[in-house]
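A.B. asks: Sequence:
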Amino acid sequence: MNAPYDGDRGQGTGGAGSSGGPPGPEQVPPGPDPYLQAAYDYDPYRAQDLSAQDPVGEALYDRAAHPPPPPGTYQQPHPLYQQPPAAPYAPDPRIWAQTPPPEPGGPSRHLPYGDDAGTTQFVGVDDLVTQASAGRDEPDAFAHLFRDQEGPAGSPGPARPEPAPAPAPVAPKSGGGRASGLLKSSAVMAAGTLVSRLTGFVRSLVITAALGAALLGDSFTIAYTLPTMIYILTVGGGLNSVFVPQLVRSMKDDEDGGEAYANRLLTLVMVALGAIVALAVFAAPWLIRLMSQTIADDAAANNVATTFARYCLPTIFFMGVHVVMGQILNARGKFGAMMWTPVLNNIVMIFTFGMFIWVYGTSHESHMGVQTIPPEGVRLLGIGTLLGLIVQSLAMIPYLREAGFRFRPRFDWRGHGLGKTVKLAKWTVLFVLANQAGVLVVTQLATSAGKESGRNGAGFLAYSNAQLIWGMPQAIITVSVMAALLPRISRAAHDNDPGAVRDDISQGLRNSAVAIVPVAFAFLALGVPMCTLLYSSSGPEAARSMGFILMAFGLGLIPYSVQYVVLRGFYAYEDTRTPFYNTVIVALVNAAASAICYVVLPAQWAVVGMAASYGLAYAVGVGIAWRRLRNRLGGDLDGAHVLRTYARLCLAAIPAALIGGGVGFALLHALGDGASGSLLALVCGGIVLLGVFVVAAKRMRIEEINGMVGMIRGRLGR
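Using this note's numbering, the first residue of the sequence shown is number 1095, and each one after it goes up by one.
Think of the hints as simulated: they come from the structure by calculation, not from any bench. Check before you lean on any hint, since a few could be wrong.
Label-pair ranges, simulated between beta-carbon atoms [what the hints assert, rightly or not]:
1. ARG1738 x GLY1593: 13 to 23 Å
2. LEU1695 x GLU1635: 27 to 37 Å
3. LEU1488 x LEU1384: 28 to 38 Å
4. ARG1793 x LEU1488: 55 to 65 Å
5. ARG1738 x GLU1546: 25 to 35 Å
6. PRO1468 x ILE1781: 28 to 38 Å
7. GLN1561 x ASP1591: 30 to 40 Å
8. ALA1531 x PRO1696: 49 to 59 Å
9. ASP1589 x GLU1635: 52 to 62 Å
10. LEU1384 x ALA1686: 33 to 43 Å
11. ARG1671 x ILE1570: 38 to 48 Å
12. ALA1366 x GLY1766: 28 to 38 Å
13. ALA1354 x LEU1695: 31 to 41 Å
Computed cross-link-like contacts, EDC-like style, restricted to lysine to aspartate or glutamate with a CA-CA straight-line distance of at most 16 Å [to be verified]:
14. LYS1545 x GLU1635
15. LYS1428 x GLU1470
16. LYS1545 x GLU1797
17. LYS1545 x ASP1767
By construction, the Cβ of each residue, glycine as well, lies at the ideal position given by its N, Cα and C atoms.
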């Protein structure tokens, strides 16, 4: 094989040229280095056919397909960097920006830096930085030997066959796919939550219609609420706040996708909740006494409540299993099951209480109480309530199997982080304890006041039903607004940008206030016709009493919504201690004000005062949380702007509530508080209230109202 470079002749190992002394007469001085020369001259051996140096390559090379260019067609390349030719005329001073002269043709057009990235050729360091990761296909294993001799495109010499260009890579749909998937998942979750709340509201209607709003209804409500309280106090708070993030982290980091950790967690939860259920069923009479001394002192009511509780307490087990299964699915990108399966529970309970009404009639018709309810009726309602949670939990199994998860009990809990994570739930458990302590005080006082009043709709069931209606706007409006803003607030807090956190919280408060403020005044103005329409089956007296309770709850919706938004600011900074202290203050104020109302007000109005105390407690909590968050953000929370918006919205809502409420009560008085009269009063009063509010708000030029109206018109294409 011919040596490719003359300078290599006679310089091999052991050759004469290897001595390093002065060249003798028989030695030929080495020529210039061709590699160094190649940096300035294109190819010192362009007259040679490189493929002819190798007899094997000569035989395989297809000269007919790649003929050499004719001689004399090679043009010397232009220097890569050169100055443009001087302009023949001087620049015109009357023109502000001169048109640059045209660049010369050839390689000099591809300057190292330019405006058009598509025509920019990066060289030197830029080439190393921008193209270091780009792989270069080599035609053969020895091509790198001649890479230094390669010149610009169109150079003479036999051209090598180039590999077929690879197809352009398809851009992954990570951005759009993830965004569309997120929107789809959010829509599924929002729809499931909305349907679940609506069916839960229907469930409360049929429960009230079947059992009434007197002592029997209070007995079932306490027995039905007891499992949820025990679950949250024992496992629920820590499970949602600590174990679930650990579960998600293990699914990302563990080699098996977190399946072993999920099996350990599910096994641990099942064992713990099984033990809790056994103890709770045994201690049911004491738990009923803890919830309501009034019901425990009544033999018939205590018997009914204890029986209901022993049917309902096993639902603690299925609550925990459902939550763990749902979070396993969420970690695998399956969000719909956890939001939609509670609808099955509500449907089963609606069917159960519908069967009870079909057999025994409504409470208003049968006048059934704790002394007269048959054991078969108690058994029917108890089994139906338990069956609802069982169906809700078992409905998760097909989704788990579809996601590739198989449950295998594992009892190797030591050394896998399950014990360590329990310590992280301290503030969450204390948060739940403070919250449930306030609920416990209100439950005791409300059941006692209901029995002392001797009237339907003055006890704990009426309080719970009115609170359920009152909390729905918060769950639909404020939670939806903050669901969109919370990621932005969290990112701003992570970036240590208090100004952005302040602006987003201000926006969340003002945007939610546009709907929350008029709804709160609507509850105040039209609470009675609303409840007489929804709870007419429980009797006019009970429905009217629940209407007064809803009116007392009404304005408390404003601080309740503000409190929710403000606490999101602390959660964005991963501060759970401040929300705990704030909850303790709210619970103490609520308990103290409720106790005062129980002592001072007549028994039939005591629960109405407790409903007003709930809003008062949150108003106090908002004042404290606002000051702490303002200090956290450097003394500025856009308070003047937010307060001005709320004040102007309230000024627009006051005349609307007066006029709309007057119309509603006039119609209710004229047509009666039956279903038809209540419906007409609610519809006409609501239309008047909304119309007056919108007109007054537009006259006040409230920017949030104008923006919302403009958005609605844009959606309608008007």
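A.B. asks: So, for every hint listed, does it hold in this structure?
C.D. replies: Now the hints, each set against the structure:
Between ARG1738 and GLY1593, the C-beta spacing of about 19 Å keeps the proposed range 13 to 23 Å intact. Range check, LEU1695 to GLU1635: Cβ separation about 18 Å, and the 27 to 37 Å hint is violated. For LEU1488 paired with LEU1384, a C-beta distance near 31 Å keeps the hint of 28 to 38 Å intact. A C-beta distance of roughly 57 Å is found between ARG1793 and LEU1488, which places it inside the suggested range of 55 to 65 Å.
The hinted range of 25 to 35 Å is not satisfied by ARG1738 and GLU1546, whose Cβ atoms lie roughly 45 Å apart. Range check, PRO1468 to ILE1781: Cβ separation about 46 Å, and the 28 to 38 Å hint is violated. Remark: the range hint 30 to 40 Å for GLN1561 to ASP1591 is upheld by a beta-carbon distance near 37 Å. About 26 Å separates the C-beta atoms of ALA1531 and PRO1696, a value inconsistent with the hinted range of 49 to 59 Å.
Hint check: ASP1589 to GLU1635, Cβ distance near 57 Å, so the stated range 52 to 62 Å holds. For the pair LEU1384 and ALA1686, the supplied restraint of 33 to 43 Å is violated, since their beta-carbon distance comes to about 20 Å. Between ARG1671 and ILE1570 the C-beta distance comes to about 30 Å, which lies outside the given range of 38 to 48 Å. At roughly 54 Å, the beta-carbon separation of ALA1366 and GLY1766 lies outside the given 28 to 38 Å, and the hint is violated.
For ALA1354 paired with LEU1695, a C-beta distance near 58 Å fails the hint of 31 to 41 Å. Restraint check for LYS1545 and GLU1635: satisfied, since their Cα atoms lie roughly 15 Å apart, inside the 16 Å limit. Proposed proximity of LYS1428 and GLU1470 is contradicted: the alpha carbons are some 40 Å apart, above 16 Å. Only pairs whose Cα atoms come within 16 Å are accepted, and LYS1545 paired with GLU1797 is rejected, the gap being roughly 49 Å.
For the proposed pair LYS1545 and ASP1767, the alpha carbon gap of about 25 Å is over 16 Å, so the pair is violated.
The structure is inconsistent with the numbered hints 2, 5, 6, 8, 10, 11, 12, 13, 15, 16, 17, although it conforms to all the rest.
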